Amino acid sequence: MAQSRTVTGTVLDAQSGEPLDNARVTVRGTTLGVTTTSSGTFTLVNVPAGPITVSVRRIGYQPSALNVAADASALRATLTRDLLHLSDVVVTGQATVVDRRNLANAVATVSASEISRVSAQSVEHAIQGKVAGASITSNSGAPGGGVQMRLRGTTSINGASEPLYVVDGVVMSNVAIPSNQNAVTRSTGGSNPDLTQDGQVNRIADLNPNDIENVEILKGASASAIYGSRASNGVIIITTRKGVPGGRRINAIQRVGFSAISNTLGSRTFTSADEAAGVFGPAARDVFQPGVVYDQEKELAGRRPMSSESVLDMSGGDANTRYFVSGLWKNDGGIIANTGFEKQSVRANVDQDLGSRLNLSLQTSVTRSLAQRGLTNNDNSSVSFWMALPFTPSFVDLRRKADGTFPVNPFVASNPLQTAALMKNDETVWRSTASSRLMYRMLEGESHSLRFTGTAGADYFTQDNSLLFPPELQFEPIDDGEPGTALLSNSNNLNLNGGVNAVYTLTPGNGPFRATTSFGVGGSTRDLRISRIISRNLVGGLSIVGAGTNVQVVEQRQRVVDLGVFAQEELLMLDERLLLTGGINADRSSANSDTDKYYTYPKASASFRFAQPFRYADEVKVRAAVGLSGNQPLFGQKFTPLTATQNINGLPGLVVQGTVGSTDLRPEKQREIEGGLDMSFAGGRSSLELTGFRKDISELLLERTLAPSSGFLTEIFNGGKLRTTGLEASLNVVPIQSARTEWVFRTTFFSSRSKIVELTVPSFTVGGFGTSLGSFEIEEGGSPTQIVGNDTLPDGSRVVRKIGDANPDFVMSFVNDIRFGPFRAYGLLEWQNGGHVVNLTKFLYDLGSNTADYATPITVDGTATTVGARRLAIWPRQTATYVEDASFAKLREVTLSYDVPQRLVSRFGRGLQTMLISLSGRNLLTFTDYTGLDPEVSNFGNQPIARNIDVAPFPPSRSFWFSVALGF
Amino acid sequence: MKNMRLIQMNMTRLIAATAVLAIAGCSELTVPDYNNPSLEDLQTNPTPTKIAQSAQGLLVGSRLQQGTQNGYVSLLGIVGRESYNFDPADPRFIVEMLIGPLDGGSPAFGGNLFGAPYANIRNANILLAALDVVAGMSAAQKSATKGYARTIQALDYLYVINTRDTYGSPLEVSIAPTGPPAAIASKADIFAHIAKLLDDGLVELQAGGTAFPFELSPGFAAASTPEDFAKFNRAVKARVEAYRGNYAASLTAVNASFIDTSAPLTLGVYHSYSTGSGDLSNLLFDPTGRAIVAHPSIRADAERKPDGTLDARALRKTAIIPSRTVQGVSSDLVFSIYESNTAPVPIIRNEELILLRAEARFFTGNVAGALSDINFIRTTSGGLAARGAFANAADFTTELLKQRRYSLMFEGGHRWIDARRFNRLDTLPKALPTHNVHSRFPFTEAECLARVPAPAQGCG
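Protein chains in written order, with the working numbering: chain G, 26 to 993; chain P, 74 to 533.
For reference, chain P alone in the conformation it holds in the complex (with noise of 0.2 Å):
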C-alpha cells in the first residue's frame, strides 16, 4: 500500500510535471519569411519607399521575358522568320516554333509569353492600389506613379496581344486570383482597353509635377521625367492605333511623341541589362551563334546600296559564322544588334516613329509625307537610294514592311506581328515544305485547365 501511495504521489508529480512542459510549449511559434517580403504587408502598410520599389518592381516585370533565350524577342524571331534558335537541348525551338502546332502544354514554347505580362499588370493593378492608401505622398507624386503604372501595364496588355491575337485574352486582373477566372475579351476590347490605360495615363503624367518619386532604369533615359514620359506614352498610344487602323489617331499620338527625324534613330526607350548581383543580363548575346542564329534570308533579300553593298543594315545588324544545320534548317548569320550581355533591349525608338509615322500619314492620305519619312529611313538608316513614288497601296505597305523588317529586326517581332497586320503571313520564307507559319499563341496550359469548360478556342 505505501508503494501504492509512492505511485500515486509520483503519478501527480509527473502529469504537474507534463502539465509545465505542456504550457511551456505554448511559446510563440512564429517564424516570418525570412527571404521575401509580403504582399499584404504592401497593400495594407504602403510607405513611399515600398511604392517606390513596387513602382521600379514594374520595369523589372516588363523586361522579364525579353531578353530569354525562349522569350518575346527570341521567340517571335522564329516564327516571323528572323532568327531561328539551334540549341540542341530542346528540339522545340524548330520542331514546335517551326513546323507546329504550337502547344499550350509547351511552358517554355507556345505556352510562353503569357503569364508574364499578366503578372506585371497585376503588379501594376497592386501599385495603383497602394497609391489610394499611402501616406506621405504628394498628388502630384501620386499622380505621376499612376500615369507611369498605367503606361507600363498598357505595354504588358500589348505584349499579350500581339501574341494571342484573334483568340482574345483575358482583360479583367485585379480580381481575387484565386477566384474564378476573368472572361476573356476579343482582340478589339483588349486593344481599346490599352488606348484607354495610355489616355487615362497620359492625364495623369501630365498632372504628374516634374519629377518622379522613384528612380528608372538607365533605358529610360529619355523618358525620366512625367514630361518625357509622356512623350514615350504617346510613342506606344502610335504603335497601338496603328496596330489597329486607327491612323488618325496614330497620326495624332506619334506627333505628341518623342519622335524627332534631327535626333539619333536609337533615341528611345529601352529594356536595360547589367551583370550586377540579382539583375539580368541580356541572354539575345550569343556572338557565337551557340543557340541563336540569324536567318539567312536577312542577307539575302537585302537590297543593295548604290555602291553594290548590301542595305547597310543587313550588314550591320549580322555576323557570317561556319554554316551549322539543325534538323535540315541551316544559318551562317549570327545578329549583331546586342553587343554585350548587358546590351539594351529597345521598346520603342525613333526609328520605328519615323515608319510609324509614314504609315500613318499614307493611310490618312498623307502619301508624300510618307515617302518623305521611308526615304528618311532608306537613306539614313540602311544607305540606300531614296525611292520614287509608290504605285498603289500594296506597293506601300510591301515598301513600309521591308522597310520595318530591316529597321526594327529582332527587336520585338515586328516582322511577324506587321505581316499578320497586313494579312501577309504566306509571304514569310519556310526553310522546309513541312513548315509552317504560326499565325498565334495558344493560351498556356494553365489556363485552359483553370477553365471549365475551355475556352472555344486557343485552347488544345
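So here's chain G without its partners, still in its complex pose (with noise of 0.2 Å):
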C-alpha cells in the first residue's frame, strides 16, 4: 500500500489574476475531489503517491488538467474563460447530460449574462437572434408579450406549432388565451371566425428572465425524441438560478426608461375642402380647414411614460444547503393611454443534501403581471385603433376638448383617441411553479455509479380578463344598440407532472469507456379551463358584467394526460473522443384515438472528435444524430362532436358542429436526421459550428376540407408529408482576450426550405381572409407558408395562385461585446431577408383614399391617376398588390456598461462590492422596405402557418433604459 499525501492549491483567472471560487479539482482516476473556497483556495487529502493529473473545471471558464509531480504538494491552476461556451455540459436525455465538446447535435445554449443583457417582457424577447435556427418573431408590439418562437422551420400545419418548455424539469404552460375583445371587435363575425384575433399573449411570458440561469434549445427530433410526442416542434430546457456555496450575494438592479413609438404609418393631407370632400363626403367641408394637419397616429400612441424594473436576489450557502431567492419589480409605460405591462414576481430556490447520498432540491415562484394592451388588430366594427383610422382624416381634430369629453368622429364609427382614454383591457394572470427532485446517490463507487431521481412539479395559472367599453364611447350605442359592453374571462390551467429515472454509470478500472445507461417513467397532466361573461347594455355606470341586461356565457374545459417511458445509453469511449448514443421513448396520450397505444420516439447519435487535425484547429468534431419524434393531436380533434350550447328562444337545440374526427388519431411523425461539423480554432479564441438538418414529417393532422354540401366543413386525419430540410452555422470569435481588453463577435445563419411532399387530399387554404385578400395554400409541391391569391393570366383570365412566401430565405444576426477596462458596448443585430407579409393594413387606408402616398399622381397607360386608385384598381385581378417584401435588419440590443472600479465602488458603501452602471436599449432601429407598421406581425397570433397577415397590429416601440447593477 502506497502511502498517501496532501496537495494544496490555488485556482485563478488566467486574465484578471483573481481567485476563483467553486472550482472543482479533481484528481483523474480516482474519486478524490473537493471545490475551492471563496479565496480560491483547496486541499485534497489522501492523494495516492506518485505522478498525478489533476482537472480543474469550473463553470464559465475552459477545464485545465495539471500534471503533478511525486513530489509536488502545492499547486495553482489558471484558468481561461470560457467566451464561447464550449465547456458546458448540455442536457441531452430526460436526466443525463454530457459535456458539450462530446454533443452530437446542435443544441444552443443561452446564458443567464445573455438573457439580462437589457429587460425583457418576455423571455422570448431575451433570446431572439441569439439563436441559429430559432425563429422568433412578435405578434405586435403591444405590451406584455405575444411571441411565436419557431425552431427549424415549419413542422406543422394543424396541430401543435410550440415548443415544449421544461423549467426545472418541469413542463411549463405556454397556451395561449383570447381576451375576447372580439365580442367588441367582430372580428369573428367576418370572413375568418377565427378566435386568435385578440391578440393574446402565450403564457410562457410569464417566466422572469432575470432567474434564468440558462436556456438549452433542443431544435429537433433528433435532439428531442426522448421527450416523445410533444417534442416535434422542439424543446426548451430552461434551468433557474441556483445558489453556490460559500458567503451570502446580493445582487440589486435598478432600472428606469421609457418606451417611444418606432413606426406610424402616416396618411394623406388634403389641400382643399373639395378634395377633403371628395373622400369623405360633403360632412368634411364643416371640419376642413386649410393647413391644419392633425398626426392622428402620434395623438394616440406618442405617450413616452417612464418604465422601471427593480431585481434584487439573494444566493448563499454551505456545504449541506444552497439557496437562491429572487424578486422582481417591473412596470413598463405602454405608449397608448391605458396600456402598458407590470410584472412582479418572487422565487426561492433551495438545494439540500440530506446526508451524503440524497439530495432534496425546491424551486417555488409566484408571479403576477397585468398586461393592458389596448384594442388592436382586426375588427368588423370600425372600433380598433388601427382600424379606425384608415377612415380618419388628418384634418379632424379628435382630441379631447376641454369640457373632458372627447368630439365625435364623423367619420367612423369610433374616436379612438376617445376609445383608448375610456375602455379597459386588463390581462392579469397570477402564475405560481412549483418543482421538486428527489435525488438519491444508491451507489458510487470508483467504476459504478447509480442514482435514482424522483420529480415532481406543479404549474398553474390564473388569467383575468376583463374588458369595459362604457356606455360614453361613441361606438357603444352605434355597435349593437347597446350601450355599453363588459367582458370577463377567466382561465385557469393546473399542469402536473411527475417521474422517476435511475441513471447507472459505469467506467471500467483501466478507462475504456463509459456507459451512462438511464430509465425512466413519468406522467403528466394538463386541465385547462377558460369562462367567459359577455355583458352588455351596462346599467348604471358599472363595470360588473352583473350590470348588463344582454349577458351570454361560455365555457370550456379541455384535460390531456399523458403516460411515458423511456431508456437511454451512453457510450463514451477512445479517450472520451466517441461518443454513441441511442435512446427510446415510448409513451401515449389521451388526446390519441387509441388512448392504450404507446407511440415510440428512439433516436441515435455518434460524434467524434479530432484533436489538433491541422494547425491552428484546437478540434474538430463530427457529428451525426438521427431522431423520431410527435406531435399529439389537439384537444377534441379526435371527436366528432355535436354543438350544445346553441339555443333559440332558450330552447336548447343540438346541431353538427361541422368537425368530423377520425377514429385513429396519432400523433404526427417527425424522423429528423442531423449532421455537422464543430471546430474550435486558436486556442479556444474561435469556434465555428455547422449543421445540417432535414425533418420528413409524415402522419400530419391535416384539416382537410369536405364539400361543404356534406353538411360538414373538416375533418381532422393524419396524413400526407412534409420535409423542412435547413442549415445553420454560427461562428464565434474572440480577436481579443487580454487582461484590459476583451471582443467577442458572434454570428449566426439560418436558412430552411419546406415542401409539401405528399399531400393525400385536394389542396386546401388555412388562415387569412379568403384568396382575394391573400390566404395560405396547402398544396403538393408547395411551401406550406406559401400565400396564394388572385392573378390574371395574359389572357385575362383570373387565377388564384401563389404570389409570395411567409418563410424568409434566411435569417442572420451579428453581435459584438467589446470589453475594455470596465468600459463595455455590446450591440446584437438581427437580419431577416425575404419572406412576405399580407398587408391589409394599407389596403384598409387606400380603401379609405387616407393612405399617405394615395393621392401621388401617376399616369398609367396614358390616364391620369394616383398611385393610391391605381393600388385599389389593380387588387381585384392582383392580390400580389398588398403582399409585401418582409424583409428587415433591426438592432435588437445595444448595451454601453461602466464597471465601476473597486477603489470607487468601496466609497459607495461598506459591503458594496460591485457596480456596472449601464445604458441600454431594445429595438432601437429598423431597416425595412416594409411599408406597414412592423414586418414581424401576426394578426392571428402564434400558427403553425397562417402567420405575416397585418391587419392593424399595435405599433412596434423601441425602449431605453439606464441602470445601476449593485452586488454586496
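Here are the simulated SDA-like cross-link-like pairs (lysine to any residue), alpha carbons at most 25 Å apart as the crow flies: (1) P:K123 - G:T688; (2) G:K622 - P:E113; (3) G:K827 - P:P174; (4) P:K475 - P:H508.
Which bits of chain G does chain P cover? Going by a derived footprint, with three or more residues having C-beta under 8 Å, they are: (5) 301 to 315; (6) 408 to 421; (7) 664 to 671; (8) 781 to 792.
Just a sample of chain P residues kept apart from chain G, beta carbon distances all over 10 Å, derived: (9) S216; (10) S259; (11) K269; (12) T382; (13) L388; (14) A392; (15) I393; (16) G438; (17) G442; (18) K475; (19) T500; (20) L505; (21) P506; (22) N509.
Since the hints were derived computationally from the structure, they do not count as laboratory data.
In this text, all values refer to a predicted model and were calculated from it rather than measured experimentally.
Glycine included, C-beta positions come from ideal geometry on N, C-alpha and C.
Put the two chains together into one complex; each comes in its own frame, and the hints tell you how they fit.
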C-alpha cells in the first residue's frame, strides 16, 4: 500500500489573476475531488503517491488539467474564461448531461449573462437573435408578449406549433388564451371566425428572465426524441438559478427608462375642402381647415411614460444547503393611453443535502402580471385603433375637449383617442410553479455509480381578462344598440407532472469507456378551463358584468393525460473522443384516439472528436444524429361533436358542428436527421458550428376541407408528408482576449425550406380572409407557407396562384461584445431576408383613400390616376398588390456599460462589492422596405402556418434603459 | 465482485421498479369531450329528449345565416339592390357584391350561404335516422317530427338553390361526409326534390297527431301544432311551385296554407332572436346605418298615395340618416324593418301568400282574382289607390314585382330572386357604370376543391 499525501493549491483567473471560488478540483482516475473556497484555495487529502493528473473545472471557464509530480504538494492553476461556451454541459436525456465538446446535436445554450443584457418583458425577447435555427418573432408591439418561437422551420400545419417548455423539470404551459375582445371588435363575424385575432399572449411570458441560469434549445427530433410525442417543435429546457456554497451574495439592479413608438404609417394630407369632401363626403367641409394637419397616430400612440424595473436576488449556502431567492418589480409604461405592462415575481430555490447520498431540491415561484393591451388587430366594427384610423382624415381634431369630453368622429364609428382613454383591456395573471427533485445516490464507486431521481412539479395559473367599453364611447350605442359592454374571462390552467428515473454509470477500471444507462417513467396532466361572460347594455355606469341586460356565458374545458417511459444508453470511449448514444421513448396520451397504444420514438447519435487534426485547429468534431418525435393531436380533435351550446329563445338545440374526427387519430411523426461539424481554433478563441438537417414529418394532422354540401366542413385525420431542410451556422470569434481588453464577435445564419411532399387530399387553404385578400394554401409540391391570391393571366382570365411565401430566405444575427477596461459595448443585430407579409392595413388605408401616398399622381397607359387609386384598381386582379417583402434588419439590443472600479465602489458603502452602470436599448433601429408598421406581425397570433397577416396591429416601440447593478 | 453483485441486485430491483411503474401506467387515460355531445351517441343511442333537442336544433341551424351582416337577407339585399353594406372593414361588400365577379374563395361573400343550409340538411337527416331507432315515442310523434324535419329541410334546399340557381347543387346529403362528394343535381331536380320533401312531409304531419313532441320558437307560434305546421308546409310549397312556374300546384298549395285576407299581413312564420345566453341576436338591426343601409331607390321609386305622400311601406320600412358615401356609392336611408336586435326575420307570411295567390291566379287565367289580390296589398299594405286592369302579362309582372318589392323588402332577397325568375335582372339599378348585377353565387371554394375535376360551372 503506497503512502498517501496532501496537495494544496489555488485556482486563479488567467486574465485578471483573481482567485476563483467554486472550481471543482479532481484527481483523474480516482473519486477524489474538492471545491475551492472563496479565496480560491483547495486542499486535497489522501492523494495517492506518485505522479497524478489534476483536473480543474469551473462554470464559465475552459477546463484545465495539470500534471503533478510525485513530490509536488502545492499547485497554482489558472483557468481561461470560456467566452464561447465550449465547455458547458448540455442536457441530452431526461436525466443525463454530456459535455458540449462531445455533443452529437447542435443544441444551443443561452446563458444568464446573455439573457439579462437588456430588460425584456418576455423570455423569448431575451433570446431573440441569439440562437441559430430559432426564429422568434413578435405578433405585434403590444405590451406583455405574444411571441412565436419556431425552431428549424415549419413542422406542422394544424397541430401544435409551440416548442415544449421544460422549466426545472416541469413542463410549463405556454397556452395563449384570447381576451375575448372579439365580442366588441366582431372580428369573428367576418371572413375568418378565428378567435385568435384577440392579440393573445402565450404564457411562457410569465417567466422572469432574470431568474434564468441558462436556456438549452433542442431544435428537433434528433435531439428531443426522448421527450416523445410533444417534442416535434423542439424543447426549450430552462434552468433557474441556484445558490452556490460560500458567503451570501446580494445583487440589486435598478433600471429606469421609457418606450417610444418606432414607426407610424402617416396619412394623406388634404389641400382643399373639395379634395376632402371628395373622399370623406360633404361632412368633411364642416371640419376641413386649410393647413391644419393632425398626426393622429402620434396623438394616439405618442406617449413616453416612464418604465422601471427592480431586481433583487440573494444567494448563498454551505456544504449542505444552498439557496437562491429573488424578486422582480417591473412596470413598463405604454405608448398608448391605458396600455402598459407590470410584472412582480418572487422565487425561492433551495438545495438541501440529506446526508451524503440524498439531495432534495425545490424551486418555487409566484408571478403576477398585468398587461394592458389596448384594442388592436382586425375588427368588423371600426373600433380597433388602426381599423378606425384608415377612415379618419388628418384634418379632424379628435383630441379631448376642454370640458373633458371627446369630439365625435364624423367619419367612422369610433374616435380612437376616446376609445383608448375610456376603455380598459386588462389581462391579469397569477402564476405559481413549484418543482421538486429528490436524488438518491445509491452507489458511488470508482467504476460504478447509480442514482435514482424522483421529480414532481405543478404549474398553475389563472388569467383574468377584464374588458370594459363604457356607454360614453362613441361606438357603444352604434354597434349593437346596447350602450356599454363589459367582458370578463377567467381561465385557469394546471399542469402536473412527475416521474422517476435511474441512471447507472459504468466506468471500468482502466477506463476504456464510460457507459451511462438511464431509465425512467413519467406522466403528466394538463387541465385548462376557460369561462367567459359577455355583458352588454350596462346599467348605472357599472363595469361589472352583472350590470348588463344582455349577458352571454361560455365555458370550455380541456384535459390531456400522458404517460411515458424512456431508456437511454450513452457510450463514451476512445479517450472521450467517441460518443455513441441510443435512446427510446414510448408514450401514450388521452389526446390520441387509441389511448392505450404506446407510440415509440427512438433516437441514435454519434460524434467523434479529432484533436488538432491540422494547424490552428484545436479540435474538430464530426457528428450525426437521427431521431423520431411526435406532435400530439390537440384536445378535441379526435371527436365528431355536436354543438349543444346554442339555443333559440331558450330552447336547446343540437346541431352538427362541422368537424369530423378520426377514429384513428395519432401523433404526427417527425424524423429528423442532422449532421454537422464543430471546430474550435486558436486556443479556444474561435469556434465554428455547421449543421444541416432534414425533418420528414409524416402522418400530419391534416384538417381537410370537406365538400360543404356534405353538411360538414372539415375532417381531421393523419396523412401527408412535409419535409423541411435547413442549414445552421454559427461562428464565434474572440479577436482580443487580454486582461484589459476583450472582444467577442458572434454571428449566426439560418435558412430553411419546407415542401409538402405528399398530400392525400385536394389542396386546401389555411388562415387568412379568403384568397382575394391573400391566404395560405397547402398544396402538394408547394411550400406550406406559400401565400396564394388572385392573379390574372395574359389572356385576362383570373387564377388563384402563389404570390408570396411567409418563410424568409435566411436569417442572420451579428453580436459584438467589446470590453475595454471597465467599459463595455454590446450590440445585437438581427437580419431577416425575404419572406412576405400580407399588408391589409395598407389596403384599409387605400380603401379610405387615406394612405400617405394615396394622392401621388401617376399616369398609367396615358390616363392620369393616383398611386392609391391605381393599387385599388389592380387589386381585384392581383392580390399581390398588397403582399410585400418582409425583409428587415433590427438592432435588437444595445448596451453600453461601465463597471465601476473596486476602489470607487467601496466608497459607496460598506459591503458593496460591484457596481455596474449601463445604458441599454431594445429594438432601437429597424431597417426595412416594408411599408406597414412592422414586418414582424401576426393578426392571428402564434400559428403553425398563417402568420404574416398585417391587420391593424399594435405599433412597434423602442425602449431605452438606464441601469445600475449593485453586488454585495 | 461483491460490488458487482450488489449492482446486479440493484439493477434487478431497478428493472422491477420500472416495470411496476410501467404497469401502474396502464391506467385508463380516456378523457371525454367536456364541451360537446357526441354525434355517435345521438345516432346510436337516441332518447326522446335528444330527439326533441335535435328537432329544435333544426330551428337553430336554419336561422344561422339569416340575421347576420353577411347573411342571406343582407347579401341578397345587396345583389338585389335593396341594401348596401358600408362596413369599412371589408370592401368586398361593394367590390365583390356590386362589381364582382363573385368569388367562391371569399367565404363571407361569393362563397357564402352554402355550408350552413347543407349542415342543417344534414341535421335533419341525422334526426330522421335517429327517429327510426329511438324508443319511447309514439308513431304519431315520430310522424309529426319527420314531417317537420322534411319541411325545414325543404326550406334549406330552397335557400341553397335560390343562390346557386342554374349552377344546380348537390342533392344527396346522407352519404358519408368523408367520401367522394355527391353529384351536382340540376336546378330542376333540386326543385323537384324540394316539392317531394314538402309533399312527403305533409303526409307525415297529417298523421302526426295533435302536438309536436318538442317545442318550437315563438316565431313558429302560427305553426305550433302538426295541423298548423302543415299549413306552413303548404305556404312554402306555394312559393316553390310559383318559383318553378307550376301555378296550378302553387294555387292549390296556397289555398291549403294559412293565407287569410282578414288576418294581419304579418301573420306568418319567423326566425326568432333573443339576447339570452347562447342565443343569437338579429344583426340586421342597424339603426344608425353603421354598416347596413337601405338603397336610396326605395323612396325614389315609391309610388305616391292619394294624399301625395309616399307608399306607406317605403316610409314605414326606412328612415333617413345623414348621407354617407363609400367607394362612390351613397345612401341616406336605413331600414327600420327590424326594430330591435331581437326582432324576428320572416320565413314566410300572409302578405307574401296573398301575392303568391295573385301570381298563381293570373297565370292560371283568373285575372280578376289576381287584380283583387294586388289591390288588396296596394291598399292594405301600401295605402295606395287601387289600380285598374292589367294591360297584359308584362304589365301584371311589373306590378307584381313592384308590390313584392315593397311588401317583402329586405326579408330574404325577394327582389333579386323575383327579378331573376322573370328575366328582369337588367331592371335592377346600378349606382356606377362599373357595377354589375350578379345572377347567381358560385360554389364555395371548398366545394370546388373537393371535386376533381372541378364542376363545369360554378367554380373559378
